[in-house]
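Number of protein chains: 2
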Amino acid sequence: MHANFFFCNADKLFSGKLLNLAILSCRNQQLVVEFDKLPIILSFPELGCLHVYLNSNPVAAPVQFDFICLPIVNPRYKREFVEGPAKKRLGALTRSDLVLSGHDWNSLVVGKISPWLQLDSKIDHIRKNSEAAFKQEVQFSCHLGLPAILVPLKSGNIANLARCLNESLQSSYFQQQFWIQIPLISYKDQVDQQIAGQTETEDDQVIDDTWKWWHKFRTLCEAQKRLSVALELTANLPSEDVINRWLSEPVKCVVISTSLFLTNKRGYPVLSKAHQMLIHRLFKLEVQLILTGVDRHPDKGIHSYQQYIDHLWQTQLPADPITQFAKGYEDYLQSPLQPLMDNLESQTYEVFEKDPVKYSQYQKAVYLALLDKIKSEEKHTKEVVLMVVGAGRGPLVRCALSAAQQADRKIKKVYAVEKNPNAVVTLENMKDEMWGDQVDVISCDMRFWEAPEKADILVSELLGSFGDNELSPECLDGAQRFLKEDGISIPSKYTSYLAPLQSEKLHNEVRTLKEKDKPIETSFEMPYVVRLHNCQVLAEPLEVFTFYHPNRDEVVDNSRYKAMEYKISQDAVLHGFAGYFDAILYNNVTLSILPETHSPGMFSWFPIYFPVKIPTYLKKDDTVEIHLWRRCSQKNVWYEWAVTQPQVLPIHNPKGRSYTIGL
Amino acid sequence: MHANFFFCNADKLFSGKLLNLAILSCRNQQLVVEFDKLPIILSFPELGCLHVYLNSNPVAAPVQFDFICLPIVNPRYKREFVEGPAKKRLGALTRSDLVLSGHDWNSLVVGKISPWLQLDSKIDHIRKNSEAAFKQEVQFSCHLGLPAILVPLKSGNIANLARCLNESLQSSYFQQQFWIQIPLISYKDQVDQQIAGQTETEDDQVIDDTWKWWHKFRTLCEAQKRLSVALELTANLPSEDVINRWLSEPVKCVVISTSLFLTNKRGYPVLSKAHQMLIHRLFKLEVQLILTGVDRHPDKGIHSYQQYIDHLWQTQLPADPITQFAKGYEDYLQSPLQPLMDNLESQTYEVFEKDPVKYSQYQKAVYLALLDKIKSEEKHTKEVVLMVVGAGRGPLVRCALSAAQQADRKIKKVYAVEKNPNAVVTLENMKDEMWGDQVDVISCDMRFWEAPEKADILVSELLGSFGDNELSPECLDGAQRFLKEDGISIPSKYTSYLAPLQSEKLHNEVRTLKEKDKPIETSFEMPYVVRLHNCQVLAEPLEVFTFYHPNRDEVVDNSRYKAMEYKISQDAVLHGFAGYFDAILYNNVTLSILPETHSPGMFSWFPIYFPVKIPTYLKKDDTVEIHLWRRCSQKNVWYEWAVTQPQVLPIHNPKGRSYTIGL
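First to last, the sequence lines map onto chains S and Y.
Sequence positions in the first sequence follow the numbering used here and run 1 to 663.
Sequence positions in the second sequence follow the numbering used here and run 1 to 663.
Among the hints, a few may not be true.
Identical copies go unnamed one by one, so any copy, or any two together, can satisfy a pair.
[Unchecked claim] Using 25 Å as the maximum straight-line C-alpha spacing, the simulated PhoX-like pairs for lysine-lysine come out as follows: (1) Lys567 with Lys212; (2) Lys225 with Lys613; (3) Lys635 with Lys373; (4) Lys635 with Lys454; (5) Lys431 with Lys635; (6) Lys619 with Lys518; (7) Lys493 with Lys567; (8) Lys655 with Lys635; (9) Lys619 with Lys567; (10) Lys410 with Lys567; (11) Lys454 with Lys373; (12) Lys613 with Lys284; (13) Lys265 with Lys655; (14) Lys135 with Lys635; (15) Lys655 with Lys327; (16) Lys212 with Lys613; (17) Lys327 with Lys379.
Bear in mind the hints are in silico, worked out from the structure with no lab data behind them.
Take these sequences, add in the hints, and give me the full structure.
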C-alpha cells in the first residue's frame with residue numbers, strides 16, 4: 001500500500017489505467033462510468049485501493065488499479081462553449097464532489113483536461129472560450145484536491161496554453177502537478193486515424209520533433225518542478241538519440257495504448273521487443289503507467305494488460321553493484337568534500353573503505369612498484385621506505401603491507417601521515433593491535449611534516465570526482481620534498497574529463513539550492529558531486545587537466561586553462577557539464593570513473609556536475625565550446641568556466657566569488 | 001573646466017589625444033616623453049589642464065588636451081617576459097608615481113596595457129607571462145588611481161583576457177573603467193602593414209565582424225558598467241547596419257589615427273565625408289576623442305588635427321525640438337505613469353500642457369467632429385454636448401472651445417470630468433475666470449459619474465506610450481454609457497506597436513534597478529518609459545493591439561493576445577522591445593510616436609521599453625517571435641510577454657507578479 005500514488009516507488013505498486021470515462025451516475029462509494037461504451041462500476045472499498053468491476057458486475061473479481069484518470073468535467077459540458085462567448089450554464093458544471101471522499105479524490109483520481117480545448121486557436125472566440133473552460137477545469141480540480149492534471153499537447157503551437165497553465169503555477173495555494181502529455185511521435189506522423197482526428201486542424205505549423213513542444217512549453221513556464229512529462233508511447237518508436245533525450249526529462253508517467261499490444265500464441269496481449277525495452281528503461285525513472293484505449297482482448301479482459309506489464313516489471317534485470325550502492329542518491333547534489341579544510345567523519349571513512357575495487361587496485365600498484373624497486377636478487381638485502389600521506393583510518397597502510405607480503409619484499413618502515421586527529425586515533429590503535437613497529441603513525445599535515453628520512457614510495461588517495469578537485473596536486477607537491485629522487489608516487493598521473501550534459505532535473509535542483517541573502521548565481525557557480533541519472537550526456541567526454549607526480553618542473557604551477565569543443569548530434573539543451581577522472585596508480589594499474597572505461601564495481605566516486613546559469617538551446621551540429629580554468633591563490637583553489645559557443649555565457653565563479661576549495 | 005574628463009559633457013571640453021608615449025625622464029610637474037621619436041614635454045601647470053610642448057620647447061604655444069594615454073609601464077619592461085617564466089626584475093618596474101600629483105594621475109592620464117601581451121596564446125609560458133604582466137599593469141594603474149585603462153582586442157580569441165580582466169571587475173575597491181579598444185574593421189582586413197604587424201600571428205580563427213569580439217568579451221564579463229568601447233576608426237568604414245549596431249553599444253571614446261586624415265588645398269588635415277558623418281553621429285553619444293599616430297602635417301603641427309575636430313564639433317546641426325526637450329532624459333528609465341491610481345502632480349500637467357503639437361491636433365479633431373455633427377445649415381439651430389473626460393487642468397476644454405469658435409458651431413455644454421481633486425481646483429478657477437456657464441466642472445471618476453444628459457462628443461487624452469497602457473480602454477468603456485448612440489469618441493482608435501531592440505545600456509539600467517528583498521526578475525518584468533538613445537531598433541515595428549471607441553461589442557473584452565514575427569538582418573543581441581503607439585483622433589487627424597510617422601515636434605510621449613531577462617544572441621536571418629498578452633482582472637491590468645524564437649525564454653510577468661496597472 002502507498003500513501004500517495006504519484007510519489008510511490010515503482011517497486012511497490014506501479015500500474016494504473018486511464019479509462020476514457022464519463023461519469024454516468026453514482027451511488028454511495030461507487031461510481032458508474034462509461035468505458036469503451038461499457039458501463040463499469042468503480043468501487044472504493046478501502047483507503048488507497050480502487051476496484052474496477054466490469055460489466056457492472058460487482059460479484060466478478062475486481063481489477064485493482066492505483067488510480068484512474070477522469071475528465072474533470074462532464075464531456076457534455078462542451079455544448080456550452082461551442083459557439084459564441086461562453087453562456088451562463090443552468091445547473092452545475094459537472095457532478096458533485098460528494099461522489100468520492102476527499103481522500104479518494106486526493107489519491108486515486110488524476111484529472112483530464114477536456115480534449116476539445118484549443119487555447120492556441122487563431123480564432124478569437126474559440127481561444128477565449130477555451131481559456132475560460134481551462135481555467136474552470138483547473139480550478140475545479142483544485143477544489144477536488146486532485147493530485148495531478150493531464151494536459152495533452154497536440155502541436156508546437158502552445159504559447160497561450162503555456163501562459164494559462166503558468167498562471168496556475170504561480171499560485172502557491174495548491175501544489176497540483178501538471179502532467180504534460182506528449183506523444184513520442186507527432187500525431188501528424190501517425191497513421192492511426194482515430195488519434196489524428198483529435199489534432200488541431202487549423203494548425204499548419206507542425207514541428208515534428210515532439211520534444212521541441214515540451215522544451216518550448218517548459219521553458220515558457222520556467223521549468224517549474226510541478227511540470228512533468230506524461231510520455232505517450234506510439235506504435236513506431238523514434239531513434240535511440242531521441243529516446244535518450246526523453247530519458248533526461250522529468251518523465252512522471254507513460255501512457256500505453258491497448259492498440260500497441262500484439263497477441264501471443266496463447267491469445268494474450270504482449271508488447272513488441274522495442275516497446276518492452278523502452279518500458280524497461282522508463283522503469284528506471286520510476287514512472288507511473290497509464291493504460292488507455294479499447295479492450296482489444298475482451299476474452300482475456302483488461303486485467304491481462306495489467307498482468308503483462310506486471311510481468312515486465314518482475315523480469316527486470318537486477319541492478320549492477322554501483323547502481324545498488326547509489327540507490328537513493330540518484331540526481332542528489334552533494335557539495336564536493338573538502339578533506340583538506342574539514343575533517344572527514346567516521347561514517348565517511350567507513351563508506352569509502354568498503355569499496356571492493358579501489359583498494360585492490362592500490363594493492364596491485366604497490367605490489368608492482370615494490371617489484372620494480374627491489375629486484376628478485378635484492379629481496380633479502382634491500383628494503384624500502386613507504387609513506388602513506390593522508391592515511392585516514394589506514395586502508396592504504398593495509399594495502400601496502402599486504403602488497404609487500406604478496407611481493408615477498410621488505411618494507412623498512414611505513415609512515416602513516418594523517419592530519420585528521422580523529423582518524424589518528426584509529427591508526428594508533430591499529431599500530432598497537434596489529435602493525436607494531438613496522439608502521440609509524442604521524443599526526444601531521446603532509447605539507448608541513450619534517451620527515452626523518454626520504455621515501456621510496458609515496459602512496460595517497462586524495463583524488464576527487466574531478467581528479468584534482470580535492471587538491472591532490474597541492475598536497476603531493478608539498479609532500480614530494482621527502483620523496484627520493486627516483487621515488488615513485490602512487491598515483492603517478494591523473495586526468496579530468498568533461499562532457500556537455502542535458503538535465504532539467506539537475507538544473508532545477510541547483511536553482512532550488514539558492515540560499516537566502518545570496519544572489520541566485522551563487523549556487524550555479526560551484527560544482528556538485530552527483531550520481532547522474534535523469535540526464536543525457538551530449539557528447540563524448542574530452543580530457544581537461546592532467547597532473548603528474550612527482551612533479552619535477554622548475555617552477556611548480558598547478559593553475560590550468562583549457563578550452564574544449566564538442567559536436568552536438570541533435571537538438572538539445574545544455575544544462576551544464578559532467579566531469580569525471582581517470583588515474584594511473586602505477587604502470588598499467590588504473591582507476592576510472594569515465595563511463596567508457598569505468599573500473600567495474602568501484603563506487604567511491606560519483607561524477608561531478610558543473611552547472612551553467614542559463615540553459616542554452618543547442619541545435620543539431622552546433623559546437624559547444626567551454627573554457628575551464630583552475631585558479632590558485634595562496635589560500636585556495638577554484639574553477640572558473642565559461643561557454644563561448646554556440647552562445648556566449650558569462651564567466652562562472654569569477655575570482656572564486658561563489659566557491660573555492662580551501663588550502 | 002571639468003572635474004573628471006571621462007564624465008564631462010562633450011559640449012564642454014571634448015578632444016583628447018593618445019600619444020604613443022614612452023616616458024624618457026621627468027622634472028618637476030613636467031614629463032619628457034617620446035612621441036613619434038620626437039621628445040615632447042608634457043606640463044601640468046594647473047588643475048585639469050594638460051599642456052603639450054613640441055620640440056621640448058616650453059616657450060612655443062602649448063597644445064591643450066584633456067588627457068593623454070600613457071603606457072602603464074615602460075615598454076622596455078617587456079624584456080623581462082621574453083623567455084621562460086617571468087624573472088624577478090632588479091629595480092623598479094617603471095618610473096615612480098611621484099612624477100605627477102595624485103590628482104593629475106586621476107584626471108589626466110589614461111593607462112595603456114602593453115601591446116605585446118598575448119593572454120590567449122596557446123603557448124603556455126607566453127600566456128602565463130602575459131597574465132602576470134597584465135595583472136601587474138592593472139594593479140599599478142590602480143595604485144596610480146588612473147580613471148581608465150585602454151585594453152586592445154586584436155582578434156575574437158579573447159576568453160582568457162576576458163577572464164583576467166573580469167577578475168579586476170570583481171574588486172569593488174577601485175572603480176576603474178576599462179576601455180576596450182576595437183577596430184571598426186578587423187586588422188586582417190586592413191592593408192596597413194604597420195598595424196597588421198601587431199596582430200597575433202598564431203591566431204588562425206579570426207572573426208571578421210569585430211563587433212562579435214566585443215559581444216563575446218562583454219558577455220563573458222556580464223556586461224558590467226565599468227566596461228565600455230574605445231572604437232578605433234579605420235580607413236574603410238563598414239556598412240550602415242554595422243555602424244548602427246555600434247551606436248547601440250556603450251562607446252565611451254573614439255580612436256582617430258592621423259593616418260585617416262587627408263590634406264586640403266591649404267595643406268591642413270581634414271577627414272573624408274564618411275568619416276565626418278560618422279564622427280558627428282558619435283558626438284551624440286558624448287564620446288571622448290583620442291588622436292593617435294604619426295604627425296603627417298608637421299608644417300601645421302599636431303594642433304591642426306585638434307582644430308579640425310573642434311571644427312566638426314562646432315558645425316554640428318542644431319538638435320530638433322524633441323531632442324532638445326529630451327536632453328538629459330536619454331536612456332533614463334521611468335516607470336509608466338499610473339494616472340488612474342495616482343493623482344498627477346502640478347508639474348507633470350505643466351510639462352505636458354506645453355506640447356505644441358498634441359493640442360493643436362486635438363483642436364483640429366474637435367473642429368472636424370463639430371462640422372460633421374452640425375451641418376452648415378443647422379449651425380444656428382443645432383448645438384451639441386461635449387464631454388472632456390480626464391480634463392486635468394483644462395487644456396482639452398480650451399481646445400474644444402477654440403474649435404467651436406473656429407468652426408462657428410455652438411456647444412450647448414462642455415462637461416469637464418476630472419477625478420483628481422487637485423486639478424479640479426484649477427478647473428473651477430478657470431470656469432470662474434473664463435469659461436462661465438458654458439462649462440460644467442465635474443469632480444468625479446468618469447467610470448462612476450451619473451451624467452445628467454448624453455454627449456455627442458467625448459474627448460479624452462488617456463493614452464500612454466503604448467496606447468492602452470494607462471487604461472484608456474477601461475476608462476472609455478466606463479464613460480461611453482453617457483455617449484449618444486451616434487456619438488463620437490476622440491480618439492476613435494489607437495494601436496500599439498512593438499519592435500525588437502538592442503541596447504546593453506537599457507538592459508544594464510534595468511538590472512541595477514533590482515530592489516532589495518525582491519527577486520532579480522522583478523525589474524525585468526515591467527515596461528519602462530524611456531527616451532531611446534544608445535540603442536538600435538532591429539526591425540520595423542509591427543502592430544500589436546488596437547482599440548476602437550466607442551466600443552459597441554456585445555461583450556466588451558479588453559484582454560488581448562498577439563504574436564509578432566520579425567526578420568533580423570544582421571547578427572545582434574536582443575535586449576527587449578521598443579513600444580510605440582499611434583492614434584486616430586478623428587478622421588485623418590492623428591497622433592503618432594512611431595519613428596516613421598512621428599507627429600513632428602510632439603514631445604508628450606517617449607517610447608516604452610519591454611525588457612527581456614536574458615539577452616539573446618540573434619543571427620542574421622533569424623526570426624524573432626514575441627507573444628504579448630494584455631491581461632485584465634477586476635482590479636488591474638497587466639502585460640505578459642514571451643519570446644519563442646529564435647530561443648524560447650520564460651514568460652515575463654506571469655499573473656502580473658511583478659507589475660500591474662491598477663484600475
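Status of each hint after checking the structure:
no.: 1; hint: Lys567 with Lys212; result: both (20 Å within a copy, 21 Å between copies)
no.: 2; hint: Lys225 with Lys613; result: both (17 Å within a copy, 20 Å between copies)
no.: 3; hint: Lys635 with Lys373; result: neither (37 Å within a copy, 84 Å between copies)
no.: 4; hint: Lys635 with Lys454; result: neither (28 Å within a copy, 81 Å between copies)
no.: 5; hint: Lys431 with Lys635; result: neither (34 Å within a copy, 78 Å between copies)
no.: 6; hint: Lys619 with Lys518; result: neither (33 Å within a copy, 34 Å between copies)
no.: 7; hint: Lys493 with Lys567; result: neither (28 Å within a copy, 53 Å between copies)
no.: 8; hint: Lys655 with Lys635; result: within (12 Å within a copy, 47 Å between copies)
no.: 9; hint: Lys619 with Lys567; result: both (10 Å within a copy, 19 Å between copies)
no.: 10; hint: Lys410 with Lys567; result: neither (52 Å within a copy, 78 Å between copies)
no.: 11; hint: Lys454 with Lys373; result: within (14 Å within a copy, 110 Å between copies)
no.: 12; hint: Lys613 with Lys284; result: neither (28 Å within a copy, 36 Å between copies)
no.: 13; hint: Lys265 with Lys655; result: neither (68 Å within a copy, 57 Å between copies)
no.: 14; hint: Lys135 with Lys635; result: between (57 Å within a copy, 18 Å between copies)
no.: 15; hint: Lys655 with Lys327; result: neither (36 Å within a copy, 40 Å between copies)
no.: 16; hint: Lys212 with Lys613; result: both (21 Å within a copy, 22 Å between copies)
no.: 17; hint: Lys327 with Lys379; result: neither (47 Å within a copy, 91 Å between copies)
Violated hints for the displayed structure, listed by number in ascending order: 3, 4, 5, 6, 7, 10, 12, 13, 15, 17.
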